[in-house]
Amino acid sequence: MFKSTNTTKAKTNLMVFIKPTIIRDGVTADGITQRKYNYIRAEQLYRQDQGLRLMPNTATPLLPKYGDDIALPAEVRAFVAQLEGDQ
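Residue 94 in the numbering used here sits at position 61 of the sequence shown, with consecutive numbering throughout.
Everything labelled a hint here was simulated from the structure, so no lab data went into it.
Values in this document were obtained by computation on a predicted structure and should not be read as measured data.
Keep in mind that the hints are not guaranteed to be accurate.
As the list claims (entries may be wrong) - Have a look at the derived ranges for each label pair, beta carbon to beta carbon: (1) Ala-107 to Thr-38: 50 to 56 Å; (2) Lys-36 to Ile-73: 37 to 43 Å; (3) Arg-57 to Asp-101: 47 to 53 Å; (4) Thr-41 to Ile-65: 43 to 49 Å; (5) Lys-98 to Lys-42: 44 to 50 Å; (6) Asp-82 to Lys-36: 28 to 34 Å; (7) Thr-66 to Arg-110: 20 to 26 Å; (8) Ala-104 to Tyr-72: 22 to 28 Å; (9) Lys-98 to Thr-45: 51 to 57 Å.
Using N, Cα and C, we set each Cβ at its ideal position, and we do this for glycine too.
My request is simple: use the sequences and hints to build the entire structure.
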């Protein structure tokens, strides 16, 4: 019923365009990070408000507000402590 007999192959190329940004200090880096994070979170809030058409009773994922401390897993904390101990 759903049989395909096509044997030709087509090569496609993926092009990625990168926009470089020169960051001269930590305050600028934090501002850029916060702006991008808030943009992604706003998109998630919009999609959460719109809902999923195919699964109407399913909640969509949502990032916490920027700046809310997220607890690192114990393995990551141990790894960071090990790195700091090596220095």
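Evaluated hints:
Here the CB-CB span from Ala-107 to Thr-38 is close to 54 Å, well matched to the stated 50 to 56 Å. Taken as a hint, the range 37 to 43 Å holds for the pair Lys-36 and Ile-73, whose Cβ atoms sit roughly 42 Å apart. The given range of 47 to 53 Å is broken by Arg-57 and Asp-101, whose C-beta atoms sit roughly 27 Å from each other. Thr-41 and Ile-65 have their C-beta atoms about 45 Å apart, which keeps the hinted 43 to 49 Å range intact.
Between Lys-98 and Lys-42 the C-beta distance comes to about 47 Å, which sits within the given range of 44 to 50 Å. Checking the proposed 28 to 34 Å range against Asp-82 and Lys-36 shows it is violated: the Cβ atoms sit about 42 Å from each other. The beta-carbon spacing between Thr-66 and Arg-110, approximately 22 Å, falls within the hinted interval of 20 to 26 Å. Hint check: Ala-104 to Tyr-72, Cβ distance near 24 Å, so the stated range 22 to 28 Å holds.
Remark: the range hint 51 to 57 Å for Lys-98 to Thr-45 is contradicted by a beta-carbon distance near 39 Å.
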